[in-house]
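The lines below spell out each chain.
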Amino acid sequence: MQPSTDAQVREMVHRRRRRRRTVLVSLAAVVTVLGAALVGAGLVRATDTEPGDAPEEVPAGVAADRAGLVTSEGPVRVDLYLDYLCPECRITEKALAPELREMQERGEVRVVHHPVAFLDDRSAPAGYSTRAASAAACAADRNKFEPYTAALFDEQPPEQGPGLDTDRLVALGRDVGITGASFERCVRDGTYRPWVTYVSDVAASRGVALTPTVKVAGKRVDLSGPDRAKAFVRAVEESRS
Amino acid sequence: MTFVRTWAGTAARIVLAAVLGYAGWVKVQDLTGAGRTVALYQLVPEESAQLVGAAVAFVELALALLLLAGLATRAVAAVTALLMVTYIAAIASVWARGMSIDCGCFSSGGTLTGGAERGYVVDIARDLAFLGAAAFLITRPRTRYALDRWVLETKER
Numbered sequence: 001m002q003p004s005t006d007a008q009v010r011e012m013v014h015r016r017r018r019r020r021r022t023v024l025v026s027l028a029a030v031v032t033v034l035g036a037a038l039v040g041a042g043l044v045r046a047t048d049t050e051p052g053d054a055p056e057e058v059p060a061g062v063a064a065d066r067a068g069l070v071t072s073e074g075p076v077r078v079d080l081y082l083d084y085l086c087p088e089c090r091i092t093e094k095a096l097a098p099e100l101r102e103m104q105e106r107g108e109v110r111v112v113h114h115p116v117a118f119l120d121d122r123s124a125p126a127g128y129s130t131r132a133a134s135a136a137a138c139a140a141d142r143n144k145f146e147p148y149t150a151a152l153f154d155e156q157p158p159e160q161g162p163g164l165d166t167d168r169l170v171a172l173g174r175d176v177g178i179t180g181a182s183f184e185r186c187v188r189d190g191t192y193r194p195w196v197t198y199v200s201d202v203a204a205s206r207g208v209a210l211t212p213t214v215k216v217a218g219k220r221v222d223l224s225g226p227d228r229a230k231a232f233v234r235a236v237e238e239s240r241s
Numbered sequence: 001m002t003f004v005r006t007w008a009g010t011a012a013r014i015v016l017a018a019v020l021g022y023a024g025w026v027k028v029q030d031l032t033g034a035g036r037t038v039a040l041y042q043l044v045p046e047e048s049a050q051l052v053g054a055a056v057a058f059v060e061l062a063l064a065l066l067l068l069a070g071l072a073t074r075a076v077a078a079v080t081a082l083l084m085v086t087y088i089a090a091i092a093s094v095w096a097r098g099m100s101i102d103c104g105c106f107s108s109g110g111t112l113t114g115g116a117e118r119g120y121v122v123d124i125a126r127d128l129a130f131l132g133a134a135a136f137l138i139t140r141p142r143t144r145y146a147l148d149r150w151v152l153e154t155k156e157r
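Chains as they are written, first to last, in full-length UniProt numbering: chain A, 1 to 241; chain B, 1 to 157.
Don't take each hint at face value.
Unchecked claim - If you want the ones that stay clear, here's a sample from chain A, every Cβ over 10 Å from chain B, calculated: (1) GLY52; (2) GLY127; (3) GLU159; (4) ASP167.
To be verified - Looking from chain B toward chain A, a few residues come up when the C-beta cut is under 7 Å (computed): (5) ALA55; (6) ALA57; (7) LEU66; (8) VAL151; (9) LEU152.
Keep in mind that the hints were calculated from the coordinates and are not lab data.
In this text, a Cβ means the ideal position worked out from N, Cα and C, and glycines have one as well.
Let the hints inform the model, and build the full structure from the sequences given.
If you want it as structure tokens, here you go:
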């Protein structure tokens, strides 16, 4: 139907203008939202590729890149990313430890531990992951990182709680055979806290967002199956052949 | 009736803006945590989880600001609805795969030892309510105190 009066023509023109304006504004809004997504992603790109410099104080046995602790040498590289507060990490550590020890004794694996603190906000007060990991680094100075780690997981506190207190962290060291006052001082001073933060940042920048993460020869091992130890052993055997 | 709807739409717009603004703000404070939360869902490769997490945080903030201003309400509500559908699908998929996580909707998420199912029901119900609010705005985008009034409804003078 053709518009017949001036008023109708004006109304039509008005509507058309309005529609065009709506489309433009809507497009602008959608572009803004997409732009926000890009800003977010760009921000992560910019900050994540630079974990900062390694701190001055690093524990004995630190890897060349200072972002892990080497506890054995061998042809196959095994990276363990564990957080002392994470329940799944406890299960994984318990499942893999026997196999891992045998491989280490046979000189098959270069084991690099990354004691990360991803779950600092899951204890109250926050920060148990960092406290525990830096105590473990103190144990590394006495060459007791692995037994101390096992002890920490044996006594893993529940999430949202206060975690083990400093006295308990010191006592655990004595339990695994650490003597002398320097360990206690190291735990109480939190000497390796900056190092733990560094290890966590480097892990995050390498795309490790979750714990537990186990890598064999740089490849992630799928730990979701029923038998973690078997999956791990298979991964090591595959990378050797 | 129109009067009631306009006010209901205004309320829907403000509520959505507040919810998204709060959720986005929490995530922006801790982008690493937001990335970790995305990784927990195991829907994107862990390497890209950081990027997705940060993108989601800023998208939520942008949507909140646009909703608060009432600019391009219909388009923004459509994007919000899309986001809610994505969230619901993500939570449902986690549930279906038998995983136990905290959705990380307003915090950084984590792995739970118990009570995850109840959480999923609450999270999905809440997101459905927000989806409803967004859908309402798609059908009735004209609300009070919205910039759309000034930008779109110019009369010839």
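Evaluated hints:
| no. | hint | result |
| --- | --- | --- |
| 1 | GLY52 | holds (14 Å) |
| 2 | GLY127 | holds (14 Å) |
| 3 | GLU159 | violated (7 Å) |
| 4 | ASP167 | holds (26 Å) |
| 5 | ALA55 | holds (4 Å) |
| 6 | ALA57 | holds (6 Å) |
| 7 | LEU66 | holds (5 Å) |
| 8 | VAL151 | holds (6 Å) |
| 9 | LEU152 | holds (6 Å) |
Violated hint: 3 only; the structure is consistent with all others.
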